[in-house]
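Asker: Listed here are the chains, written in short residue letters.
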Amino acid sequence: MMKKLSSIGRKTLAISLVAVMTIGVSIGSNSLFAEEEVTVLTKEAFIETVLVDNHTIIGLEAQLVQLENQKESMAAVANMLAQVHGVVPRYNALGKKFIYTRSVPDYARYLSLGGKVLLKMPIEATVAETAEYGVLDGTITPEEKATIMTPFEYAEYLGYGDALRAFGIDTITVSPDQEYETFILPIYVGSKAITSGIESLRDGIKSARGGISVGSAQLYNTVLMFEDLLKILDLSYEVSALNYDNAQEKNEKGLISDISLKISYNDMLKAELNRNKMVRDIDNLKMNMNVMMGASPSEAFEVIAAEDEVTITKLSGLYGYTQEALVQRNEIISLNRSIDDQQFKRIFVRDLYNESDGRYVIELKRLELLKIDLEMTNDNITVEVRELYNDVLEKEQALAIANLDVQDALRQYKELAINVELGFVVESTLTKLNLLVTGAVNSAQSAGRDYLSAVDSLLGASSFGPGN
Amino acid sequence: MKTRKSKINALLISTVLVLTLISPIFGTESQNEKINIRNFEEAILVTDIEITRTKKAAAIEQYNLKSAEADEHTAGDSDLETKRNRGYNVKKAQKDLDYTFWLVSEKEKSVVLEGKDNYFNYLLKQDEIALQKSKIARLKKELAKIETKISLGTAVQSLKVSKELEISKEEFNLVTLEFDLESIALQLNKSLKWDLETTIDVFPTDIPTVVFDVEDLVAVVETVFENHGEVNKLNIELELAEMDLEFLEEDENNEEDDRVIIDAKADIDNLKLDIQAKKLNLEYDIRSTYNSVLNSKDQLAIKELELENLEYNLEITNKRYNVGLEVIASVEADQEAVDFGEQALKQARLDYYIQVETYKSLTTFEE
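Top line first, the protein sequences correspond to chains A and B.
Position 13 of the first sequence, counted from 1, bears residue number 13 in this note's numbering, the numbering being contiguous throughout.
Position 194 of the second sequence, counted from 1, bears residue number 194 in this note's numbering, the numbering being contiguous throughout.
Rather than coming from a laboratory, the hints here were simulated on the basis of the structure.
Take these hints with a grain of salt, some might be off.
[Unchecked claim] Here are the in silico distance ranges between beta carbons for each label pair:
1) B/Glu147 to A/Val426: 57 to 65 angstroms
2) A/Gly358 to B/Gln126: 41 to 49 angstroms
3) A/Leu393 to B/Ile167: 30 to 38 angstroms
4) A/Ala417 to B/Thr364: 34 to 42 angstroms
5) A/Gln248 to B/Gln335: 26 to 34 angstroms
6) B/Arg38 to A/Val52: 47 to 55 angstroms
7) B/Lys140 to A/Leu393: 37 to 45 angstroms
8) A/Val383 to B/Gln335: 46 to 54 angstroms
9) A/Ala241 to B/Ala266: 42 to 50 angstroms
10) A/Lys432 to B/Glu164: 48 to 56 angstroms
11) A/Val383 to B/Asp127: 39 to 47 angstroms
12) A/Asp379 to B/Glu69: 57 to 65 angstroms
[What the hints assert, rightly or not] Stretch by stretch, here's where chain B covers chain A in the computed footprint (C-beta under 8 angstroms, at least three residues):
13) 273 to 281
14) 285 to 297
Glycine residues also receive a C-beta, built at the ideal position from the N, C-alpha and C atoms.
All chains should be built: construct the whole structure from the sequences, respecting the hints.
Answerer: Structure below.
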């Protein structure tokens, strides 16, 4: 679906971004004006390095290995428990000696659960055979009673005594809750849960990688955007310096007051200070990039523009993106998986106990809560995608306006150039306008990057999600 | 009958007594409390729960250290335990204690810094509200003049509408400022553990002047690496992990490829990586905070230049007014712009002060 979205109806807007623009200041050195050797860092190389060094991903991958190992050992434990479970009675009453003598059906049920052998001499006893010992009708003698094995004794006999004690079972009986926690969950529910857990973690890693990639790309784009802004601030400084030169000339001719000259001078100083502040902001962003790559913050590098043209992706309807997100987002996949697990658990518990049992009610409530979670997540994602979709439309409009500004500035420049040739306007005005044209081009570049970032965010949100 | 009356009286008296006792809890009437910067700083350090909790943890760790010291020459249940009793456990307990003390001092620094920020911002916001109110009053005066002109037929209705719009915008700004003030007051009350409704009377204090000279940043980073509590803690944890590996290797029950040895080696590698990552992050914090200090210093200079220009404008308007080229309303508007410019300068001064203090708190350590 996403392939289709990104390949259809593209048109190229007539904005050409200047490919690589070298900035005239060194970055990452905490010094504004020192010149240093810099390494060029492309966006792709940056993202790749961040992913290799990212602690979240390393941690998640280690968790995955652990979980896979755990799955193996859990399977072994579950297997052992399954054998023991067969000999431990489900109900307290049945664990007590002689109580199963009450009625045949009770004992038959007990046998069906695996409690086939309860005598000191373990034998595969049928109901009829057991009856021969007088167990069922309560006619057994005290001597015979002494030969009956308790379930725990039998487990010991089979060699599972230590294992049971490790689970906190050291009496002859197992309470229903103990049975549920110790046997039912690990044997029947746990293995399914751990498999789901592994799948969720795999999705989580995929999502984290996607999120970190988008986050890194956005940081990289921010640096590019700030560098564009720096160019505008450079121009602004040049314009203010020109204004000051003009003001000086006018002041010398007595056309403007000393105060106006001072104001013009202060404006120039302000422009310079604003420019210096932007250099430091870029410095901070690049230091952050270095730390993300596990490098020293003061490492110097130059960020280069990855795209040389902005292509406008013709958006398909909002509905398509929303549906895509509701199917592909990791949160949804995880919740659906949890709901499946919970369904399984609910049915399992219902079959084992009954619908009025407290355990069943709890599992049912958990299922309902998960469904509510899913509903809420659906709503949140729908809103998020809608906002991102609108953001793309807004950024596209802003880019179109920025383009028109460029065309307008160029038109003014051409008109003024004719007037300069005719001698109607002084050349310094043309220089100022030239700077403004360059400023408009830089603004359009920034708008282009903003637009691309917005598209990336929308595409990200309709697939793996925003990540971390 | 008399008994019944006296019972009712007794009930009433006891009800009044109970109400008197519980009324401070419910805080039905808001109190009015005075604070100055000094008693405020002292009070928030005492009331901060996190500091109190960490100090209590330190007391437990002091006890742990004493126990470890007492057991230093005692034999353990195994060879490994005996070896750990000799120095290792003491070092570990000492590390935990030192780290907790360091956390207390870091928390104290951040509580004081946040408190000062709120204290001064409260004062600034109060001044800004007063300025905003006088701005609205001036605009209303202008509106009245426009209305007179309209009634005389010398102004059009649209002028009145746009002035009214301007007033409502400024009134909205006033409400926003008042909300901001309320939110800072809540923060102040919260940090002092006072009733949140308490009206605070903040004693006016000038924002301290700070000097920040460009220094050798590389040397600063090195000093921080040597003194930072987190780095120290990790370094000692690494030493302990290496000691423990030695103990485990000396144990003849352990083979080189045993899980316990492999895990211990992995722990050491992880700690080395943690130290490296911590240092990188610290260096980033120092350098970016340093840049932020310089940026706020430049911002302060920008606000000074802007104020200077506003004062120049006022000077020009005054001169034009004196020769009859400007009306008094323009002078008033320019004066107001100067007042707001001064206010903005104070805000920039506070931001600069807080940034410098943040940098200092990151790079200076108690002896």
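Asker: Please name the hints from earlier in the document that this structure breaks, with their numbers sorted from lowest to highest.
Answerer: 1, 2, 4, 9, 10
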